[in-house]
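Peer 1: Mind assembling these two chains? They're in different frames, but the hints should get you there.
Here's the letter readout for the chains.
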Amino acid sequence: MLDNLKEKNMGVVRTVLGPVSTQDLGIVLINESLLSVYPGAELAPEINMDKSEIFDTLKRKLNKFRQQGGKTIVDASGMFHGRDVWLYQSLSKATGIHIIATTGLGPEKLLGGYFVTPQTNPPTPWPAEKFAGLFTKEVVEGVVVPRVERATAAGLVVSIASAEGITNEEKSLFRGSAITARDTGVAVSVQHGADAVADLDLLLAEGVATNRVIIGSIDRIGAVASKAAIEIASRGAYVAFDHIGWGSEDGYVSDIERVKLVVELLEAGLGERVLLSTSAVGVAKGHEAKDLAYDYLLSTFVPLLRKAGVTEKQIHTLLEENPQRVLTVDESAELEIKEFSPTAWKELFASVDH
Amino acid sequence: MLGVKEMGKVNTVLGPVASEDLGITSLHEHIGFGLPGCDLDTQWWKKPDEAFEVTIAKLRRFREHGGKTFVDCTGIGNGRDLEYFQVLSRRTGVHIVAVTGFVAGDSALAYFREKSVEYLTDLFVQEVTVGIAGTSAKAGAIKVGVSRGGKLSELDKRIYRAAARAAVKTGAPIITHLTTDPNTAIEIFKAEGLSLNRVLMGHADVGQDVDEERDSLIANLGGYVGFDTIGYDLDMENPPYWGRYRKDRVDHFMRFLNKGFLDKAVIAADANCCALGWPGLKGHSVNYLFEEFLPDIRKAGVTEEQIEQLLVHTPATFLSLQDPR
Chain S
1 MLDNLKEKNM
11 GVVRTVLGPV
21 STQDLGIVLI
31 NESLLSVYPG
41 AELAPEINMD
51 KSEIFDTLKR
61 KLNKFRQQGG
71 KTIVDASGMF
81 HGRDVWLYQS
91 LSKATGIHII
101 ATTGLGPEKL
111 LGGYFVTPQT
121 NPPTPWPAEK
131 FAGLFTKEVV
141 EGVVVPRVER
151 ATAAGLVVSI
161 ASAEGITNEE
171 KSLFRGSAIT
181 ARDTGVAVSV
191 QHGADAVADL
201 DLLLAEGVAT
211 NRVIIGSIDR
221 IGAVASKAAI
231 EIASRGAYVA
241 FDHIGWGSED
251 GYVSDIERVK
261 LVVELLEAGL
271 GERVLLSTSA
281 VGVAKGHEAK
291 DLAYDYLLST
301 FVPLLRKAGV
311 TEKQIHTLLE
321 ENPQRVLTVD
331 ESAELEIKEF
341 SPTAWKELFA
351 SVDH
Chain E
1001 MLGVKEMGKV
1011 NTVLGPVASE
1021 DLGITSLHEH
1031 IGFGLPGCDL
1041 DTQWWKKPDE
1051 AFEVTIAKLR
1061 RFREHGGKTF
1071 VDCTGIGNGR
1081 DLEYFQVLSR
1091 RTGVHIVAVT
1101 GFVAGDSALA
1111 YFREKSVEYL
1121 TDLFVQEVTV
1131 GIAGTSAKAG
1141 AIKVGVSRGG
1151 KLSELDKRIY
1161 RAAARAAVKT
1171 GAPIITHLTT
1181 DPNTAIEIFK
1191 AEGLSLNRVL
1201 MGHADVGQDV
1211 DEERDSLIAN
1221 LGGYVGFDTI
1231 GYDLDMENPP
1241 YWGRYRKDRV
1251 DHFMRFLNKG
1261 FLDKAVIAAD
1271 ANCCALGWPG
1281 LKGHSVNYLF
1291 EEFLPDIRKA
1301 GVTEEQIEQL
1311 LVHTPATFLS
1321 LQDPR
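Chains S and E supply the protein sequences, listed in that same order.
Taking our numbering, the leading residue of the first sequence gets 1, the next gets one more, and so forth.
Taking our numbering, the leading residue of the second sequence gets 1001, the next gets one more, and so forth.
By construction, these hints were calculated from the structure, which means they are not laboratory data.
One should not assume that every hint holds.
As the list claims (entries may be wrong) - Result set (DSS-like, lysine-lysine): computed pairs, CA atoms no more than 27 Å apart in a straight line: (1) LYS51(S) to LYS1115(E); (2) LYS109(S) to LYS130(S); (3) LYS227(S) to LYS307(S); (4) LYS1046(E) to LYS130(S); (5) LYS1169(E) to LYS1115(E); (6) LYS1169(E) to LYS109(S); (7) LYS109(S) to LYS1115(E).
Bound conformation, chain E alone (with noise of 0.2 Å):
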């Protein structure tokens, strides 16, 4: 009754799967992001052995707690790198679906800030239907954000619509950074006749962004609402200025499932399993989820069922791609 069964493809890194075969997903993840222009910067250089060995663990972790996959949110120039995300995914058996897009406006390199829609709009679509960066690995999703001040900026707004009409096109989802100005989102979407339940409005439980009237806003319009930055917790040791207590989250969380938005409600860690460009947030990954989140919210009362709903089927329906139109 609560898993909608409308099934068909999604595009991984290895190349498309039935979402059936998905399984277990975290919509929000990072393999590594970084800021244009990090690796300049030796300071952030890793051990290239290191780097492998904590991400294929975290990600073998991840299979451990019956995790199958993982939607990696780093846009184009982030970090993006699809050979190595291909190794990672034939190494763990993880389904790794990559994005096109960017995280956001201010996180784009100056090639692309420069573009008009229609150009955006084509290189969305090449990725989602060709493949991204010379390979054969298509985009499963698009991203898209708000750059920093909360606002959309015009460029925001431009890779917003480039987005909206690249996922008419190719029926692919839309999954945003921050859910801040919602209404000039929802009103590219619209204009771009992109209906709301292709998108996952990110990032809704960063801590001073939080807004529940606009939450369930987004739900009644039939999208998606993303409490995906689960563990960035303010009660953990140097925490990110965006983080949140950990018990404020869980409130929130549940208090948007007590409304009857349980189908609309995602969960991600939005963690780096081997940060690129800033330093992460020590112990954090996708498996604070099943570590930490899910027994607090089991104990909030959410079923097993419903945890199904929220890792499984959910993510299954918003993957699939459409038909095209």
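Bound-form chain S, shown alone (with noise of 0.2 Å):
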């Protein structure tokens, strides 16, 4: 027991302003989006990028959520879906909501051709190693603000599948993240393919520890037929029901049948390794998101939960201590996290030589 004790809720996580205490963090939502966009949509001349909106949109949705008692959220989609940490830390300031910005890449049917089809002959793919060069500095350095500085750390690294099986390259994507999780001490979380156990030992054989990887998307219809989550769960990982609210419409099993599922894990014994979260999208642009709000956990499922009698305490460590646990840093990790300065900008750019 000393050892869980020592492991629970010590310690710091990364959000975009800045390092927050771990018991600071609250009720947390660890797998959502904020202002999501489809890459190459702001491009559009159809598409509306008026940030003022956005940032009323997402102010009013976050909210809402602290009034139901939410008090963290995890915006996890990466570098390249829209991310705008600027945005996110006027937000921050704005609701009280602490917001933790995330690095990572995938699918790779949204990566750009930078990574895919590179300038080389061949064009060989990144691999594995490159795509942890690139999330590592996002979280040691901080995260990009494209051409223009660095902001704080990511909190986390996020890496997505294509759901009807992974790809080479998302392989790629997926072991880089793991390393990076390995060298920083973030966590590393994932939403994985078509076989959600092979994915977890993909990340593992890159040197992680189990405890600090986050396998997502465990609602899948296909995850949930092949139990992955009791299985991912016994070998230490923690599994995510990251899509509450969705269905079969979706892909998803029911918030039904999820609520029978946590309950099955709870009485195995493992409800230290369950998260729960709804992937809902704060402001999409260039696609269709979810109808869904970030207080449909609070409002709708945890009541579910109560029903099956789950109790208020495992209510609590599953809404508290375990994303609060999984998210603060490993300050064992190798490489330190720097503070972000507001002059560090000038050493990203170099000469031009020509």
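Peer 2: The following block contains the structure:
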């Protein structure tokens, strides 16, 4: 038991406004999107990118989450889906919600040509080590505001596989993400492909600790059918039921089934490895997002858990202790996270030698 | 006699100009190119003041050589930056023509890769007739290209077809990246009712893709053939894999002229003023045309009148917006 106590709720979490003590996080949504832009949509004439409207919508939604008792949200969409860390900093100040930005990429079909068809002969896609280099810098030196600066550290590395099955390029993304987690001490969270257990093995092969891994989309129909959650949690990794509110029309099990699965895990003594979230999108640009608000988990799903006999203590573990523990940066990692400095940008730009 | 004098107007980033005002023009250049995603990698972040200075210096030297119009062939999402182009044009006096379209399917961003021919057509028409990225600057040409692998991908074909429709609708010309798989491209243009004299089939001089029968086929159908990677010489230090020995390129070009295709030939350097997501080729710029290539072809017998055709009359004819249909 001492080990668990030691692991629990000590240390800091990396938010967009800098390091925050773990115990200040409160209730956490660990897999959501704030601004989600389908890559390239921002360049399309029919897409309205009015930042004031985007801000207002997100502020309203985050305030509603806060009114329900929420305190922290993770923007789990990685580097290339409209992540806007300055917007998130302003939103965090305006709402009091802690926001955690993530690094990472995927799925492959959304990647830019720079990663998939580089200007080399042949156009060999990026290997895991290069992705690790990119992601690690986003943790240690800060997330990029493209060609402007590095802002504060990414608090989690997230990569996404194609739901129909992980591609070779996505395997490189996953392995790169695992290396970053191992070296920096932030956790790695993935949306698995078709085989959640195999994807876990892929990550662990890079030497990341099992308890620093989150396997997401564990509530997808296929993952539930293969009983992946119980196997993965038994091995010590986290399983994220991160599509709460989604159903069979989206490829996920229903909330009723989700409640049963959570109860099963609790009864098996694996409650400390379960995470809950909704994959809601605050503002979607260039794609259709599920109509789901950040308060759904607290207002709709938690009452279902209570009805199924889940205790307040267990709910506290699921909504607070677990995400807090996994988001806490492992201080024993090899690399040290640098604090943001407004003058650090000068080191990011090379001379032009033409 | 050589210059075809059907003149009209051309869209530049500072508004339309008369085609007579284009002067010496390079039809395939870049202020800066990078594949989508490269901005996330600080490896390619350059000091903005130095990038500006270098770019201004290259455009100024282009002016000193008599250059007046610079066609930036960077498609949507590859570093095309209209407001920057506008400032560069104001500061140097060089007309900059921006393009709509994509360098190739695999250099387009996901949002556009998944769109229909109809959507892409509307997008290109919008950028030629209304403006680009919320500015009033209109595209002067439409860029298309062949993805890695040498054959037009399904996506490339969608983009080619949309470009052809937009070219018919707006009168803007098409510039291609690569000339491989020419028959597929030609069939699409034909099916959409676009005359090949509105198309510059570019990069015919790329080392591994040389096919002189193809060059003749295109020219005989009225298309323009681009010797437009000039200066990426294998003789230089660290050339890209698609480079060419300098002499081989000149010889290839001269054989094309000697077949009687002077008015179907285009010369350009495809140089980056300051590359965005790749090393570029050190020392290379649009000015290579004047400092190295023109002396080479003069030595090979090309006359001043022919050079004027290549750099002034052909680009003006090609870029002039045709009456929309």
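Peer 1: For each hint, tell me whether it holds in the structure or not.
Peer 2: Hints, one by one, checked against the model:
Of the supplied pair hints, the one linking LYS51(S) and LYS1115(E) holds, its CA atoms being roughly 25 Å apart against a limit of 27 Å. Among the hinted pairs, LYS109(S) with LYS130(S) is consistent with the structure: their alpha-carbon atoms are about 19 Å apart, no more than 27 Å. Taken as a hint, the LYS227(S) and LYS307(S) pair is honoured in the structure, with Cα atoms around 23 Å apart against an allowance of 27 Å. Our distance criterion of 27 Å between C-alpha atoms is met by LYS1046(E) and LYS130(S), whose separation comes to about 20 Å.
With a C-alpha separation of about 19 Å, the suggested pair LYS1169(E) and LYS1115(E) falls inside the 27 Å cut-off, and the hint holds. With a C-alpha separation of about 31 Å, the suggested pairing of LYS1169(E) with LYS109(S) is violated against the 27 Å cut-off. Among the hinted pairs, LYS109(S) with LYS1115(E) is consistent with the structure: their alpha-carbon atoms are about 13 Å apart, no more than 27 Å.
Violated hint for the displayed structure: number 6, the only one.
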